[in-house]
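A.B. asks: Protein sequences appear in the order of chains A and B.
Just add 31 to the spot in the first sequence (first one is 1) and you have the working numbering.
Just add 4 to the spot in the second sequence (first one is 1) and you have the working numbering.
What the hints contain is simulated information worked out from the structure, not anything from laboratory work.
A hint or two may mislead.
To be verified - Ranges of calculated distance between the beta carbons of each label pair, as one might list FRET restraints: (1) A:74 <-> B:24: 57 to 63 Å; (2) A:47 <-> B:220: 37 to 43 Å; (3) A:154 <-> B:101: 53 to 59 Å; (4) B:16 <-> A:74: 38 to 44 Å; (5) A:72 <-> B:113: 23 to 29 Å; (6) B:68 <-> A:115: 46 to 52 Å; (7) A:43 <-> B:13: 56 to 62 Å; (8) A:233 <-> B:30: 40 to 46 Å; (9) B:72 <-> A:195: 17 to 23 Å.
All residues carry an ideal CB built from backbone N, CA and C; glycine is no exception.
In case you want the letters, here they are:
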Amino acid sequence: MRSPDLLRHAWAVASKDLLVEFRSRTAILSAAVFVVLVLVVFNFGRDPTAISNVDLAPSILWVTFTFAAILALNRAFQLELENQALDGLLLAPIERSSIYVGKLIANLVFVATIELIGVPLLALFFNVPVLSYLLPLGALIALATIGFVAVGTLFSAMTVRTRFAELLLPVLLLPFMIPPLSWAVLATGRVLAGRPLSEIAGWLNMLAVYDIVFVTLAIFLFPATVNE
Amino acid sequence: MRMLRVGRWITAIGLALLAGVYVRALAFTPIEQSQGLAQKIFYLHVPAAIWAETAMILVGLASIVYLFTKDPRLDRFAASSAEVGTVFCAIVLTTGPIWGKPIWGTWWTWDARLTFTLFLFLLYVGYLLLRSAIPDPAMRARYAAVLGICGMCEVPFIHLSVYMFPTLHPMPIVLQPGRPKLPWSMLSTWLLSLGVFTLLYVGFVVQRYAVSYFREQLEAAGEVGHA
């Protein structure tokens with residue numbers, strides 16, 4: 032199959048998911064409220080006189096995104112379980128990989144929306160100067176998010192059909208999230224401290240390599256998770 | 005049945021030789037100058053670590069071939085290798101702190117190597133949990149294969165991420181470029197131990213493989229639930 036078709040079909044799957052989400056808005060609203068709550072909880076879980084906000088901000092940011100992303104990822108295939116919607120999707124005359132890419136795009140849009148809410152709130156609650164570092168911070172968040180959402184989308188396709196889906200996904204996913212997460216936390220710290228970009232280039236490269244490897248791997252492996 | 009017996013024999017020989025490794029390491033190998041007796045743990049720790057990591061790579065390779073051939077033997081091997089790898093990882097994670105307490109003064113530190121082994125252990129546990137959460141054998145095998153391949157691909161990333169942090173852990177002295185920096189008296193004990201751990205890995209995997217086979221037969225006969 033030609034690649035324009037793959038992308039066109041993927042977009043069809045993604046826009047279906049996003050339309051369902053846009054019509055109901057329950058998941059995104061709950062996720063947004065969840066982000067606010069996690070940030071508020073962090074405010075009480077620290078001693079502002081001992082550690083300065085800027086030092087703690089990267090950890091707060093990424094722990095919040097991790098939890099929010101895991102909640103969001105469970106949703107993608109849960110949607111398809113109702114009324115055997117997944118069977119309908121699998122019967123459609125499209126490549127299995129395009130279903131994965133579609134789900135990946137929808138999840139990325141979903142998680143990006145949460146992150147768009149999270150970053151300004153972090154700046155507001157913890158008085159972190161994000162405005163002057165918006166571009167490198169955005170690139171960093173995008174690179175890290177693509178990597179773990181790619182793995183998460185693949186795993187959620189498997190875990191939804193097991194018992195304890197909500198618990199199993201984080202257990203499987205967290206060991207895979209930790210490498211990109213640890214690079215992202217270190218790099219975010221440098222960005223917020225106003226260090227030159229060359230200092231984080233190594234981490235950005237690692238994140239890009241991680242993204243390429245796992246997106247490719249997931250595209251190849253996804254058919255194995257849905258074929259009967 | 006024959007396979008189970010063969011596995012038991014290999015394991016028994018391995019365990020007997022392991023006692024031999026202890027004797028040789030404690031009585032016939034010189035004591036290291038700066039670390040004293042604590043260094044003896046190196047003869048168990050490093051071979052176990054090598055096999056813990058190799059087992060994950062074997063799980064990944066078996067999983068790749070499984071997805072192409074759908075041969076149930078490969079799935080059984082992957083499951084067995086993962087379980088044995090978990091045990092070896094646990095050995096590394098327990099012997100490490102025992103050495104770390106007298107030498108570093110702390111049981112645990114967020115050192116690069118320690119963190120890596122912990123990740124590997126968590127990967128194994130996730131793999132085994134996924135297997136236990138799926139009742140259907142064909143689905144279990146496919147899902148486990150997907151996770152096994154991802155796990156194998158993640159190993160180099162964890163390696164890279166841990167080497168970007170400063171480390172307290174001793175640098176490799178055997179598996180390093182150039183000749184091993186170890187006197188022959190110590191190296192020979194270590195090589196013996198590596199051989200014994202290889203034997204133990206094979207013995208455990210063969211036994212575990214036989215058990216999975218019997219379990220599948222019983223499952224097919226509908227006598228037990230899934231593991």
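A.B. asks: So which of the earlier hints does this model not fit?
C.D. replies: 3, 4, 6, 9
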